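As they're listed, the protein sequences go chains H and F.
So in my numbering, the last one in the first sequence is 276, and the numbering has no gaps at all.
So in my numbering, the last one in the second sequence is 254, and the numbering has no gaps at all.
Keep in mind that the hints were calculated from the coordinates and are not lab data.
Since this is a predicted model, take the numbers as computed values, not measurements.
Be careful, since some hints might not be right.
Said to hold, decoys possible - Below 16 Å or equal to it, Euclidean Cα-Cα: the simulated EDC-like pairs (lysine to aspartate or glutamate) are: (1) F:201 / H:157; (2) F:201 / H:139; (3) F:201 / H:169; (4) F:201 / H:118.
To be verified - Beta-carbon label-pair distances, calculated as ranges: (5) F:131 / H:121: 18 to 24 Å; (6) H:121 / F:34: 26 to 32 Å; (7) F:21 / H:121: 28 to 34 Å; (8) F:20 / H:110: 39 to 45 Å; (9) H:101 / F:183: 42 to 48 Å.
To be verified - Facing chain H, a subset of chain F residues (Cβ under 7 Å, in silico): (10) 71; (11) 74; (12) 135; (13) 138; (14) 139; (15) 200; (16) 202.
All residues carry an ideal CB built from backbone N, CA and C; glycine is no exception.
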Amino acid sequence: MNQPEPFPMTTSANHPLLARLVAEIQHGQKFVVDVRNEDESFGLDGYQLSIWSVGSDKPISIFPWDSEINEELIDLKVRSKDLESETSRFAIRLRDELAATESRYGNGFFNRVLVDLVTESYLDKHPDIKDALDRAHSRQVERNSVYHECRDTIAYVIGKRSRELTRQLDYDETSMRKILSKAIARYIDNRFSLSQRKQMGLL
Amino acid sequence: MSEDSESAPDFPLCDTLILTAVSSELDALSQQCKQFGISFKKRHHPFLGSYYDLGLIGFENVIAVRSRSMGPLGYGGSAELASRFQRATGATSVIQLGMAFGMEESTQQIGDVLVSTEVIPYDHRHYRDALSENGYLVNYDSATRMNAAEKTVNALRQFRIEEPASDYNVYFGAILSGAAIVHSSAFRDELVRLVPAGNHRIVGGEMEGIGLLGVTKHPIWCVVKGISDFADANRDRIIEESREIACRNASHFLLSSMTSSNPVTAAEHS
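Bound conformation, chain F alone (with noise of 0.2 Å):
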């Protein structure tokens, strides 16, 4: 990844935060940056650390940053950095940009991408002791729907009417987040079974999305990530070549959004 590092501005302020989460993704991000003609520039704050200067993308000054470890814990995991950031810019729009598990193998793609209308906290349960084959079970009646910024959905699903054509799919729906690496489909349609149903249908499950639900009460959050695995034994296998697609068409996807953000457009077709 070329990289010019800058000594930061005073004041690094931005409309859009991109996360990414580890360094494919970034990587991704740079390269569809550089594709589109898009400044990638790295530069140091004393007090913020190491982010991304994009520029303007459209209407929107953007910034990107990586978290120091995939999911939403720790230091410089996904909900301290977004948190941090957020605040620090002035960000009005957050988004997680990536690779995650998609849902049905039957019908979607390793390289679709996947946009969050809602995210699933699904760690929010609640274990109880009972007579069954583990000595308990286990109640996902907490995992409460999460919306994600309308203004971010709306955008992007109005790109996707206007420019249909692509070499993958795009999936709006929920996306189960958690601080769990899941590599196990059994996990997974456990997930799918037991947390509260809602209008719209549980596309993928990642990592990070849900790190973002503390960032504000009020969302100005959204999670765009490519599929890469379907979360089950198969994933190690085709995970070298996979994340790749996810992340490169998850970049693709967003920034091909932004650059033709065009509120003429938008308002005409609201």
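Extracted from the complex, chain H is given alone in its bound form (with noise of 0.2 Å):
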């Protein structure tokens, strides 16, 4: 009698949700996700991902933010309904991948280190970004070899979230870099709080 393999390599074949995406993906049905919140007011928090069949009015599956899937999904090149939908998905994506890093060298420094890349990045000449840098705080620190580390591990995953858009999802140039940046001002905007801030009065 075959034994059962403890540890199987798994595809999304082996996900439920997923499994019968790649099955109707492959007879040629298209999907999009939608994620939207009920709530703007929770910021990056409380967003549910939903999966329609492209020119269904109801969605096949809504869920709370899920990153395992939400991955499965850009691998399987399912877009966002719009770009709305498009930049809340990657301001959650950059917020769940830059954890890490943010771990990795610490709260203070790591907010000191991305205000700077962001501010002397290309990306700072977008408005959505430059708004909320300008609304950001930050202080200066020394720019050794581990500032330049963690720079560059966040470029890096930035950067990974370009070629998620424009080599998984197929946006174009232009687009992508619309979403992108509308996605750092997001998160930006979500990480410093700086819409509360304005809204209190305080900015």
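Join these two chains into a complex; the hints should help.
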């Protein structure tokens, strides 16, 4: 009698929901995701991810944000329904993917390097990011090897998202820049509570 | 406590927000700041009220604030205070500092420091009528363990590995948190017995951590507290002396870690 494999090598096809998508995609069906938050005051928290067959008016599945499933959906080249949803999706993805870097280098140090990186990159020219950064706080730190290591790691994580948008999701360069810069602006806004501080009259 | 009181800058920003609940916790923080050569300036903001500006510690710009009352509830309780100050200051890390009860008198000592890897909000429970001694049964299945900020726990753990010498022990684990004032070993033991099991052992309990759960869903908070008692009948006899030791050690551990915070070391060891 064959023993069951204790640690099976899994693919999307082993996941109950993703398996269905994979099968239907192979038959030509297209899907989109929608990343929405019922209450915008929750910032990047409380988002729901829904999966829709293109042309259908009802989602096939709705569930709380799940970074693992989202990653699989990106691999399956499933785009968001619209740019707003794609922006939210990548803002949350940036937060999730940068958490390890934040943990590695420490909260305050990470804050400084992040603001430096974005301020000094082409992203600063984007009105959404410029507006966010004008209201963010930072203090200079010594630009030693650790600083550059941290900065390069953040840049790598952001760069990986740009490749996901162009290579996996097939956005053109202009759309990628638009989505990613808005996503970074949303991530920074959320990280430093900028909109909330503005609403409270503190900015 | 010596304090300089100054008007607030227009934009009281910080990386780390430290919350305390009672005067002994704030006093201990103030005294430890003095020991470490850290400023502790009292400021007042028309919207935020009073807070303490600790300036730059390591790479963290730090503000401290004290609740109006013990526990998470009410205006100025830890829940409201943490939400208000986190949004206003843009803090990306929130730490509840002070004193807590320990779990195991055989292994833990007064003054040992607890760091939450998780908080167990034990107020999330369900009472049903039943033919029991009390006429009801209580179910704690909804008291789901909530993860603390990994970045803060990792930084404190790393510091402890590098600097193990101190006259107190540091326990990392799950902390029970709820609005009840617990001076009953029977209730303490009931909590341990009935809350959902998890991967992290329960190391203590306190009242304010539960308030931090409302700050953000994505955890940016951590509870750092010294053991002042064991939530038993002995508590009232020792508390006058033990609260000072507990608050001092918690503040000492946190500030030691922050002042030595060095991303070079952190990066090399992670």
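When the nearest CB of chain H is found for residue 202 of chain F, is that gap smaller than 7 Å? Check passed: Cβ of residue 202 of chain F comes within 6 Å of chain H, closer than 7 Å.
Return the status of the interface hint for residue 200 of chain F: holds when the least beta-carbon distance to chain H is below 7 Å, violated otherwise. Where the cut-off is 7 Å and the nearest Cβ of chain H is about 6 Å from residue 200 of chain F, the hint holds.
key: Hinted contact residue 71 of chain F with chain H - closest CB pair below 7 Å   = holds (4 Å)
Q) Taken at face value, is the distance from the CA of residue 139 of chain H to the CA of residue 201 of chain F at most 16 Å? A) Holds. Residue 201 of chain F to residue 139 of chain H sits at ~14 Å (cutoff 16 Å).
Given the hint of 28 to 34 Å, check if residue 21 of chain F and residue 121 of chain H actually sit that far apart at their C-beta atoms.
At roughly 48 Å between Cβ atoms, residue 121 of chain H and residue 21 of chain F fall outside 28 to 34 Å, so the hint is violated.
### Query
Holds or violated: 18 to 24 Å for the Cβ distance of residue 131 of chain F and residue 121 of chain H?
Holds, since residue 131 of chain F and residue 121 of chain H (Cβ atoms, about 20 Å apart) stay within the stated range.
Pair hint outcome, residue 201 of chain F versus residue 157 of chain H [Cα-Cα no greater than 16 Å]: violated (22 Å)
Is the hinted pair residue 201 of chain F and residue 118 of chain H satisfied, with a Cα-Cα distance of at most 16 Å? holds (6 Å)
Taking the closest Cβ pair, is residue 138 of chain F under 7 Å from chain H?
-> Check passed: Cβ of residue 138 of chain F comes within 5 Å of chain H, closer than 7 Å.
Evaluation of the interface hint that places residue 74 of chain F against chain H, nearest CB under 7 Å: With a closest approach of 4 Å, the residue 74 of chain F hint holds.
- request: Could you check if residue 139 of chain F really has its C-beta closer than 7 Å to a C-beta on chain H?
  value: Since the shortest Cβ distance to chain H is 6 Å, the answer is holds.
Practice item. Evaluate the given range 26 to 32 Å for the C-beta pair formed by residue 121 of chain H and residue 34 of chain F. Key: Since residue 121 of chain H and residue 34 of chain F have Cβ atoms about 39 Å apart, the given range 26 to 32 Å is violated.
The structure does not agree with the numbered hints 1, 6, 7 stated previously, though it agrees with the rest.
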